[in-house]
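A.B. asks: Sequence:
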Amino acid sequence: MSMTIMILLKKKKLLLLLLLLLLLLLLLLLLLLLLLLLLLLLLLLIIIIIIIIIVLLLLLLLLLLIRLLLLLLLLRLLLLLILILLLLLLILLLLLRLLRLLLLLLLLLLRLLLLILLLRLLLVLRLLLRLLLLLLLLLLLLLLLLLLLLLLLLLLLLLLLLLLLLLLL
Numbered sequence: 281m282s283m284t285i286m287i288l289l290k291k292k293k294l295l296l297l298l299l300l301l302l303l304l305l306l307l308l309l310l311l312l313l314l315l316l317l318l319l320l321l322l323l324l325l326i327i328i329i330i331i332i333i334i335v336l337l338l339l340l341l342l343l344l345l346i347r348l349l350l351l352l353l354l355l356r357l358l359l360l361l362i363l364i365l366l367l368l369l370l371i372l373l374l375l376l377r378l379l380r381l382l383l384l385l386l387l388l389l390l391r392l393l394l395l396i397l398l399l400r401l402l403l404v405l406r407l408l409l410r411l412l413l414l415l416l417l418l419l420l421l422l423l424l425l426l427l428l429l430l431l432l433l434l435l436l437l438l439l440l441l442l443l444l445l446l447l448l449l
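Okay, so the sequence shown: first residue is 281 according to my numbering, each after it adds one.
No lab work stands behind these hints: they were computed from the structure.
A quick note: this is a predicted structure, and the numbers were derived from the prediction, not measured.
Where a beta carbon is used, it is the ideal one built from N, C-alpha and C, also for glycine.
Check the hints yourself; a few may be wrong.
Label-pair restraints from in silico Cβ distances [claimed, not checked]: (1) Leu379 / Leu354: 33 to 39 Å; (2) Leu312 / Leu288: 35 to 41 Å; (3) Leu408 / Leu309: 34 to 40 Å; (4) Leu368 / Leu309: 56 to 62 Å; (5) Leu299 / Leu401: 14 to 20 Å; (6) Leu381 / Leu408: 37 to 43 Å; (7) Leu348 / Leu381: 47 to 53 Å.
The whole structure should be built from the sequences, with the hints applied where relevant.
C.D. replies: Next comes the structure, spelled out in structure tokens:
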């Protein structure tokens, strides 16, 4: 009785662990989705900045005809924008690395879940083997009892035969 209670408790603990792992997986998936949204926003921002840079270059070409001083100022602005673009590209690369690390963590969690499932299967197989051994022992006991009964019957038959012989003599 206590063994079955302990087994049920272990099963409940394993089920709780599985549920926790599934919740972790769902949270990781949500994080991945958020990261993908951030990456898309960054890409959109980079495209907007590139368009702004192209527009600024066109303005520079127009202003080159008007004043050289304004050209120098706009070139400084252009350099700043290029630096911002480079910084955004670096942030994008860092986010891609983080996404890769999260995917690796997700794979590790999946492997852990598979290992837990395999351990549960091994526990069930162990219980089945114990039950089979108990059944075999019971069968052997029944066979021994049958043999004892047969021996007793044979002894009774022999006694009866001896009594008959004595009566006949």
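A.B. asks: When the structure is checked against the list of hints, which entries are broken? Sort them ascending.
C.D. replies: 4
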